[in-house]
Amino acid sequence: MSNHSTKRVNTGISAESLCLGLAMWMEMFPEHTVEQCASLDSRVSTADSGKTNELYRNVGCVLVQENGRLLAVDRSRDDVHGLARLLVKHHDRVKGCSAFLSRKPCTYCAKLLVQAGVTAVSYPPVEPEYLDTRKEEDRVEALLDAGQITQSVFVPRIKMDLDEEFIAAKEISLNDVREFSEKVSRRFWNAECARRMAVDSIEETYNDFQNLVKWFAQIYLSLECVKFKLSVRCGEPCINSPDKTVWTFDPENNLYQEQIAKHMLGIAVMTIQRTVESKTGVGCVIMKNNDVIAVGWNDFPSKIIEEDFHHASDQERDKKYPFFVHAEQNALLARNTTDITGGIIFVTKIPCHECTPLVKIAGIETVVLATSLKPIKEKYRLNYDVFQEEVKKGSFLCYETKTMLD
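For the sequence shown, UniProt numbering assigns the number 1 to the initial residue and increments by one for each residue that follows.
It is worth saying that the hints were derived from the structure and are not from the lab. Fair warning: there could be bad hints in the mix.
If you anchor each label on the Cβ, the simulated ranges turn out as follows [as the list claims (entries may be wrong)]:
1. H353 with T133: 39 to 49 Å
2. N289 with L358: 13 to 23 Å
3. D250 with R93: 25 to 35 Å
Using 27 Å as the maximum straight-line C-alpha spacing, the simulated DSS-like pairs for lysine-lysine come out as follows [as the list claims (entries may be wrong)]:
4. K377 with K227
5. K183 with K159
6. K159 with K135
7. K229 with K360
8. K392 with K227
9. K95 with K288
10. K288 with K89
The C-beta atom is built at its ideal place from N, Cα and C for all residues, glycine as well.
I would like the entire structure built from these sequences, with the hints used as guidance.
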């Protein structure tokens, strides 16, 4: 996949591989069950074409704008194809976009891709969204050719070895890793499709897939080992809420919402691979009304600045970090809708003094952390006490993560 890889210094994954990985992760979104990786049968849904009922597989999808900014993330739900949902919802911004899908699109979605002006589509070498019929495949190919839409077929590539020390520290059994890997393989690996569709050799494609599965397993199982706890219990609703509405997102007591929170934090963890600073990588996701509004990670605002500092040592961090745009800041700037009042932000680290007021004025009322809410003391100038003070005042409901033993 070297011909469609955007390389950056120090990053663990290309932009293309991350986007396709996110699409595959979104296909595994929990559907009112604690089981994230369902069987193939449950992945097939019925869609009414007007005259006859046809079966389609669920699909995760990501839209990326021409400037490389991630526009939207979603999946098939509520009897609507995932890609169709995104194209219609963001109709005024999809022209020139690239689409990353967990499966090759069906005719229904392919014609919308052409009409919307999407220029490229990427998907892994696995069973397509539609049932494997020659007529359907021919129609899809005809549409994509007519729209001059570039197709890329590959498995997200990430340099990943299973961290056995990390697994042991999280008290994850190798049997759990094996079971999860088998479920992901049943969903996304098909040797016949890989031989027929992939550009790389079957051996290289399978090796990339195994590395991807290891990455998914490490993220998923590490989050399965935690529970959520409301860090400060207030009798009053959040002060940001003008109508004092009752909180409805409660991953501490609602099992399905717990699974959603873990899935969103999984996306936040995945995005850290795109930061150029592995030691301080932070990722976040903003969600409102079950829609992913934005995804962000900490990064430099300019490639020129990045090149100036990517060789900087730890001793030079005071020179480097003032130039960093934080994950929350990136997400707020890149959000695909203006009004995010009442939204939820899922973030891998406690927001600092720079980000806390921005999250607050944006109207976000719930913060879900991938860590515990405890004091952070760093040599650098960032202050994390501001966020804890806002939580105590009731500006946010904050759910922190605790291990099962806590």
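A quick look at each hint next to the structure:
Between H353 and T133, the C-beta spacing of about 57 Å breaks the proposed range 39 to 49 Å. At about 21 Å, the CB distance of N289 to L358 agrees with the hint of 13 to 23 Å. Against the hinted window of 25 to 35 Å, the Cβ-Cβ separation of D250 and R93 comes to about 33 Å, which satisfies the hint. The hinted pair formed by K377 and K227 meets the criterion: a straight-line CA distance of about 24 Å does not exceed 27 Å.
Only pairs whose Cα atoms come within 27 Å are accepted, and K183 paired with K159 is accepted, the gap being roughly 21 Å. A C-alpha spacing of about 38 Å is found between K159 and K135, which places the hinted pair above 27 Å, so the restraint is violated. About 21 Å separates the Cα atoms of K229 and K360, which keeps this hinted pair within 27 Å; it holds. Simply put, K392 and K227 have alpha-carbon atoms about 21 Å apart, close enough for the 27 Å limit, and the pair holds.
For the hint pairing K95 with K288, the CA-to-CA distance comes to about 24 Å; that is within 27 Å, so the pair holds. The straight-line distance between the Cα atoms of K288 and K89 is roughly 14 Å, inside the 27 Å bound, and the hint therefore holds.
Of the numbered hints given earlier, the model fails hints 1, 6; all others are met.
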